[in-house]
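Student: Take the sequences, apply the hints, and build the full model.
Same order as they appear, the protein sequences are chains A and S.
If you're matching positions, the first sequence starts at 1 in the numbering used here and goes up one per residue.
If you're matching positions, the second sequence starts at 1 in the numbering used here and goes up one per residue.
Be aware that a few hints might be false.
To be verified - Listed below are several chain A residues computed to face chain S (Cβ distance under 7 Å; list not exhaustive): (1) 42; (2) 52; (3) 53; (4) 56; (5) 69; (6) 73; (7) 75.
To be verified - Not close to chain S: a few residues of chain A, all C-beta gaps over 10 Å, as computed: (8) 20; (9) 27; (10) 48; (11) 60; (12) 78; (13) 108.
Claimed, not checked - Lysine to any residue pairs mimicking SDA-like chemistry, simulated, CA-CA at most 25 Å apart: (14) A:38 x S:344; (15) A:38 x S:242; (16) S:110 x S:242.
These are computed hints drawn from the structure, not numbers from a lab.
We put the CB at the ideal spot given by N, CA and C, even for glycine.
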Amino acid sequence: MNLNVENTKAQMRKGVLEYCILSLLSGEDLYPGDIIGKLKEAKLIVVEGTLYPLLTRLKDAGFLTYRWEESRSGPPRKYYQLTPVGQKFLKELDDTWDELAAAVKKTTRNNP
Amino acid sequence: MKKTVTANIAGTVFHIEEDAYDQMQRYLAGIRANFSGSAGAEEIMGDIESRIAELFTERLTGRNVVTIDDVRHVESVMGRPEDFAGEGSTGVPPVGGAIPGTSGNATGRKRFMRDPDDKWLGGVLGGLGSFIGVDPLWLRIGMIVLVMASVGSLIPIYILLWILVPKAETAADRLMMRGEPVTVENIKRVVEEGAEKFKQGGERWAKEAQDLGKEWGPRAQSWGQGASHYAGRAASNAGSVVRKLIGIVLLVVAFGLFLSLITGLIGGSVSLWSLATWNSDSMSMLDLGGMIFNSRSHALWLAIGVFVLMAVPVIALFLAGFRLLLDTRAPKWLGWTLAGLWFSALVPTVLAGANAATDFRRQNTLRSEFPLNQPMGNLLYLDGLPANGIKGDWSVGFDNGEVDVDLDGIYVENGTVYGGWADLDVATSPDSLYHLIVVRDARAHNSKEALARAERIAYDCRQEGDVLLISPVIRFSTEDKLRAQDVHFTLQVPVGGSVFFRPGSKHIIYDVDNVTNTLDSDMIGRSWTMTLEGLRDTRTLPNKPDAVPMDSTKSGPVAVDVWRGPKRAPRKPASPQPLQVVTTAAASGVRLPSLLNLLNRAVAL
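Tutor: Structural data, given as structure tokens:
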């Protein structure tokens, strides 16, 4: 059963991860290292590897673009930023999240 | 002291210790295997390598060389390869189906895939070898033998498999091909086996194995899970065994049909072709077909059409069999193409067939009498004419040691068809005279045309004194096509009259009725007298001892001179000369009408 609990947790995280990434990027342009730092801080991800496929997917979906920036401490970095489409999508996600949070709250409170 | 390797990671050069380098390489290969086939795999790999370069740079403050600890640090930060696809993507599995990582582990279900590392042509046999656990070398030897034995008919099947069976392109694919679970250990091994290897001694291997044990110990659990998973699947496997059995049966049937189709095609054309050849000149199948059907192109279309109509279902059987047995799926285009091919072959085949069939619809018969001069002494000698108009040798075969001339055939030259189809029977004359009745048959789309066709059949027949010579060969124009043209001669012999069958007549007489039921070949070289009951061997007639010279005292000039016993009679010129032929006694073989002749007769019925 342990496996299923882990699986469920992973699934839940997976659902909100995209939303969180888009939210982080709505304030400022970030490179993966920054994003990972913040997500780790929030304990949303444990390992970094999971982020890269996600970023690529969001970029391919047209929600994100990136620009290269030189770095003094290593290879050039990809700084991601939201596209207008991404912003719109984020707005929708915000609304959905509020509804969902309210619904979950209501449901879980009502259940003894 | 340790050896270092220089590596370029995302544009930055690192000096990496050799063991660290190996570890790094396996790690990257493991990650790559998880993304193989998904869109943007290269980009993701690039990003990951950038991040790794960054992590190395961060850790290398004051140091120059990347050690195995650095690599382990990177692995702990980035996560295990299984995590990459597991958490990051929303259920998009890497190509191949088995998703390693989150839920259980990919069990060692084998897939039939082409092996690009072990191939002569398409890697089909290499993959099959992995699939069934046999050294591909044996399969290849067997294949070569079978290809030669089956006159290359296995080659299309090979090509079909080449199309159907996917290639094992990534390390994960290759593991699936071998039936090993897609786990880090295995990917590592595959990479090691395949990619550039650093030669290391057994000692190093042992050390590495220890390292592995420490690092990936938890993974051993997944092996256990895999095993229980397997057990759970055993039940559902019962159904798949039945599927596979059916698949095998389908394949065997398909292969049998396929072989018979090929041999039928080759054998049929060879036998018909050789039948159609009387001498060094040959007639193509197309010429022959053009005379059976309304034109050469009709014949060609019909032949192609019939072949396609038969071949397509056979291919479909193969596809079904392979699908059940090996779980290969035919590309969609293949199915549509086959269906399209079949239906497009149906129409011209039916049309060409119907077109020809209408021209066979009506038969008509033309009866005429060939005027005969009545023979002296009530004895008519029957002889065959050499196949008139046919140049070169007749096909000659040996039958019981005797040279036999096979005239059941067809030969075409200068717009004329020559067919060895005429035959002769003997009947009782309605009066006291000998008559030769000639009946010519042909078919056409209507009776009138059939009659005209029959009339255009030419036959060769002449009388020289008391000898009646008839050719077994009939002639007609190729314009008339093959429309069951046939000529039957009936020699009407008056009661009391006799007929002597010279050796040359053996190709013309067919199933001559007689009271002793003697076979045609045994009637040759003897005199037969018409009685009220029917034909009877003259020797057996009590009251006509001298009717025919049977005492071996006479021998014609054309007689085959054979040793006949101690007494050798002197030759006397005689007229008429019966042929005393001893060799005919050996000719006991029943004359078998050829395929074409049978066909012709069957149509005439």
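Student: Look at each hint and say if it fits the structure.
Tutor: Do the hints match the structure? See the list:
| no. | hint | verdict |
| --- | --- | --- |
| 1 | 42 | violated, 15 Å |
| 2 | 52 | holds, 5 Å |
| 3 | 53 | holds, 4 Å |
| 4 | 56 | holds, 5 Å |
| 5 | 69 | violated, 12 Å |
| 6 | 73 | holds, 6 Å |
| 7 | 75 | holds, 4 Å |
| 8 | 20 | holds, 14 Å |
| 9 | 27 | holds, 22 Å |
| 10 | 48 | violated, 5 Å |
| 11 | 60 | violated, 6 Å |
| 12 | 78 | violated, 7 Å |
| 13 | 108 | holds, 25 Å |
| 14 | A:38 x S:344 | violated, 65 Å |
| 15 | A:38 x S:242 | violated, 55 Å |
| 16 | S:110 x S:242 | holds, 18 Å |
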